[in-house]
Amino acid sequence: MKYKSQKVAYWFFGLCMLLFTLQIVYGFIMGFARIGWDGLHDIIPFNTARAVHTNLLVVWLLTGFMGAAYYIIPEEAQRELINVKLAYVQLISLAVVGVVAIVGYHFNHWEGRKFLEIPRELDYLVVVNVLLFLGLILGTLYKAKRRTTTALVLTMGLVFAALLYLPGMIWFDSQVTDSFFRWWVVHLWVEGVWELIMGGILSYLLIKLTGVDREVIEKWLYVIVGLTFLSGLLGTGHHYYYIGVNKIWLVVGGIFSALEPLAFLAMALFAVYMYRKGEKSHPNKIALFWTVGASIVSFIGAGLLGFAHTLPQTNIYTHGTLVTAMHGHYAFWGAYAMIVLAIISYALPNLTGRKRYDKTTGHMAFWFSNIGILGMTVAFGVAGVAQVYMERKMKMEFMKVQDEISIHFVVLLLCATLFTTGIVMYIVEFIKYGKASDEGLQPATVNE
Amino acid sequence: MLSKSQARTFFLGGTVVTFLAFIGLTVYSFQPSNDQTNHSKISSEVVRGKELWETNNCMGCHTILGEGGYYAPELTKVIDRRGEAYVKAVLQSPIPWGPNGRKMVKYQMNDADTKAMIEYFKWIGQIDLNGFDRVVSPLSKEKK
Ligand code: HEM
Ligand code: HEM
Ligand SMILES: [Fe+2]
Numbered sequence: 001m002k003y004k005s006q007k008v009a010y011w012f013f014g015l016c017m018l019l020f021t022l023q024i025v026y027g028f029i030m031g032f033a034r035i036g037w038d039g040l041h042d043i044i045p046f047n048t049a050r051a052v053h054t055n056l057l058v059v060w061l062l063t064g065f066m067g068a069a070y071y072i073i074p075e076e077a078q079r080e081l082i083n084v085k086l087a088y089v090q091l092i093s094l095a096v097v098g099v100v101a102i103v104g105y106h107f108n109h110w111e112g113r114k115f116l117e118i119p120r121e122l123d124y125l126v127v128v129n130v131l132l133f134l135g136l137i138l139g140t141l142y143k144a145k146r147r148t149t150t151a152l153v154l155t156m157g158l159v160f161a162a163l164l165y166l167p168g169m170i171w172f173d174s175q176v177t178d179s180f181f182r183w184w185v186v187h188l189w190v191e192g193v194w195e196l197i198m199g200g201i202l203s204y205l206l207i208k209l210t211g212v213d214r215e216v217i218e219k220w221l222y223v224i225v226g227l228t229f230l231s232g233l234l235g236t237g238h239h240y241y242y243i244g245v246n247k248i249w250l251v252v253g254g255i256f257s258a259l260e261p262l263a264f265l266a267m268a269l270f271a272v273y274m275y276r277k278g279e280k281s282h283p284n285k286i287a288l289f290w291t292v293g294a295s296i297v298s299f300i301g302a303g304l305l306g307f308a309h310t311l312p313q314t315n316i317y318t319h320g321t322l323v324t325a326m327h328g329h330y331a332f333w334g335a336y337a338m339i340v341l342a343i344i345s346y347a348l349p350n351l352t353g354r355k356r357y358d359k360t361t362g363h364m365a366f367w368f369s370n371i372g373i374l375g376m377t378v379a380f381g382v383a384g385v386a387q388v389y390m391e392r393k394m395k396m397e398f399m400k401v402q403d404e405i406s407i408h409f410v411v412l413l414l415c416a417t418l419f420t421t422g423i424v425m426y427i428v429e430f431i432k433y434g435k436a437s438d439e440g441l442q443p444a445t446v447n448e
Numbered sequence: 001m002l003s004k005s006q007a008r009t010f011f012l013g014g015t016v017v018t019f020l021a022f023i024g025l026t027v028y029s030f031q032p033s034n035d036q037t038n039h040s041k042i043s044s045e046v047v048r049g050k051e052l053w054e055t056n057n058c059m060g061c062h063t064i065l066g067e068g069g070y071y072a073p074e075l076t077k078v079i080d081r082r083g084e085a086y087v088k089a090v091l092q093s094p095i096p097w098g099p100n101g102r103k104m105v106k107y108q109m110n111d112a113d114t115k116a117m118i119e120y121f122k123w124i125g126q127i128d129l130n131g132f133d134r135v136v137s138p139l140s141k142e143k144k
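Heads up: the protein sequence lines correspond to chains R and H, in order.
Just so it is clear: in the first sequence, position 366 is 366 by my numbering, and no numbers are missing.
Just so it is clear: in the second sequence, position 4 is 4 by my numbering, and no numbers are missing.
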């Protein structure tokens, strides 16, 4: 850590850990409901659990991105944040809005639109909060001593993510139009602007961890985000095949979404290549595992498993089945959860001044969580393929099929337990590091 | 080899071109002549139905047009499959509906809301889904 104001990132990361824990709890509630243990149905029905699970996911990832920005931007800009107090105000208001939304879901107060369940009046507060955040980041960059490509790409991702939230706030009478613009938020986030955020964090981490020349890394960053938009914008069409809009999307969506894995492939090759080219002398091996791991697992989860059902000929059978849930879990994990855990692992020793990065617990956290979620992905996948076959090929009834596949949810829950063990270890390490303090301060060197 | 400024041009150029194409295709899709949804048939009851669909987060368990949770049946063709009377019974049930063990939330909707929900499902059921309707709704096709 080189600037005192970077410490605010610590509290964002702490909030991440808390929200992530809650997300997992609600995941278990759903998993148990699926094997018939639905004792909580009257208080937390499945739709409540689902809205909480997915919204907490999105909120903790965004919290992580914000923490990452507060950590990275001062170093890249070579100056303190313009206003640290406001950054804390932003953190607290974010937590409050999040908690109010989540509590509301337990009282049937929401907007039942998948992933955008936050009711409209709270949407406005989200907008204010994000504007405050962007104001602080952009203000810092405006007064910066230098403006790097890494900082630029990261910030561009954050600004676009904020702008894209707006189409999701418009009311439409038609379910079809509603759904069409809902994807402008959901798809263009995860397969568009969030990849810029991921790319920015990845590039920062690779510069720090491998010692490879910034110019080389940032050149490839442009190529990666170029591939992202080139394929991802028109790739939105893969959600428009079967929702009641023109057939042209079958062609456009099919072709461009099939190209989307290229950006993730480029990211994986980029990270592995820079790692091999680099000096391998950085002591924080755990951060390196999470960083390179994120680039590889995102290629598998988003790239390969996304490709598996993105052609219209396949998607007509898999659309809206557990096959989608299989892909959703591994893609979110690899791309976004892992990159947030990577930046936290990298930042913690610097924020706290304690060098615990060779602890076995940290390595075990990495392997347990990764093996656990891989198992979960396989369980969802087997259940999904079986569901598609029985329901859509053999035309069996929905609930009959659900009974047939419930055994895979037992497997899911077992793997989820392993996964959770890993995450608990990660959080234990987080706590053991202790709070951020000025002990971690290291004077800035000139040529970084 | 590729320079950094060439890489930046690739990024900016690709983004602008595909963005414009995306906007163009969006406008094209919403031309009235390309409508596949009987947009003019969206009555105030259908709109009310959509409102109920959203305020109760039905999508948290069911899919519609293939979008939503995977816990409960796809509802795109539900009127075709089950008929109006069945749907009414589900929505007005005084105990959580669940003939196969898995429970739905008990809504006890009044007659007006139930009617609106049914009108909404009827409108959804008539959308031209580029062939997905046949895959998602086996029972309705077998009846014919
Ligand atoms: C990190 C990147 C990605 C994340 C986090 C992600 C996540 C998700 C999630 C959560 C869904 C479910 C959406 C819903 O039904 O509401 C979904 C759907 C889908 N994704 Fe991805 N995805 C990513 C990248 C990709 C890529 C690169 C491809 C294609 C190559 C792809 C192909 C698809 C397809 C075809 C669907 C629709 C499934 C259906 O019809 O039910 N995804 N994705
Ligand atoms: C203990 C761990 C977890 C369990 C047991 C679990 C279980 C579930 C279940 C049962 C669903 C609902 C599927 C349905 O509608 O029937 C779900 C949805 C979802 N979960 Fe998890 N989950 C866990 C962890 C995670 C993690 C770590 C992530 C992200 C990194 C995640 C991301 C998602 C997403 C994106 C969806 C929506 C998928 C879609 O609609 O296609 N979950 N989860
Ligand atoms: Fe997508």
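To be clear, the hints were calculated from the coordinates, so they are not data collected in a lab.
This one's a predicted model, so the numbers in the text were calculated from it and none came from an experiment.
Each hint should be verified, as a subset may be incorrect.
[As the list claims (entries may be wrong)] Some chain R residues well away from chain H (every beta-carbon gap over 10 Å; in silico):
1. I92
2. G135
3. V223
4. F256
5. Y357
6. R392
7. V411
8. D438
[Unchecked claim] Computed list of lysine-lysine pairs in DSS-like fashion (alpha-carbon distance at most 27 Å, straight line):
9. K219/R x K143/R
10. K395/R x K247/R
11. K115/H x K41/H
12. K395/R x K4/H
13. K432/R x K4/R
14. K4/H x K114/R
15. K115/H x K247/R
16. K393/R x K41/H
17. K106/H x K114/R
18. K41/H x K400/R
19. K280/R x K359/R
20. K145/R x K106/H
Every residue gets a Cβ at the ideal spot worked out from N, C-alpha and C, and that includes glycine.
Beyond 10 Å from each Cβ of chain H, as asserted for V411/R:
17 Å, holds
Verify the proposed pairing of K41/H with K400/R, using a straight-line Cα cut of 27 Å.
Cα-Cα ~35 Å, so violated.
Holds or violated: is the Cβ of V223/R farther than 10 Å from all Cβ atoms of chain H?
Given that some Cβ of chain H is not farther than 10 Å from that of V223/R, nearest at about 5 Å, it is violated.
Restraint status (C-alpha distance of K393/R to K41/H at most 27 Å)
33 Å, violated
Next pair to validate is K115/H with K247/R; report whether the Cα-Cα distance is within 27 Å.
Outside the cut-off at roughly 32 Å; violated.
Within 27 Å, alpha carbon to alpha carbon, are K115/H and K41/H?
Distance of about 16 Å is within 27 Å: holds.
Least C-beta distance between Y357/R and chain H, which was stated to exceed 10 Å:
Non-interface label on Y357/R holds, nearest chain H Cβ at 32 Å vs cutoff 10 Å.
Within a Cα-Cα threshold of 27 Å, do K106/H and K114/R meet the stated pairing?
21 Å, holds
Can the restraint linking K395/R and K247/R be considered satisfied, given a maximum Cα separation of 27 Å?
25 Å, holds
Over 10 Å from every CB of chain H: does F256/R meet that, or does the non-interface label fail?
8 Å, violated
Is the hinted pair K280/R and K359/R satisfied, with a Cα-Cα distance of at most 27 Å?
18 Å, holds
Can we trust that R392/R is non-interface, i.e. its beta-carbon lies farther than 10 Å from all of chain H?
5 Å, violated
Checked against the numbered hints above, the structure violates hints 3, 4, 6, 12, 14, 15, 16, 18 and 20; every other hint is satisfied.
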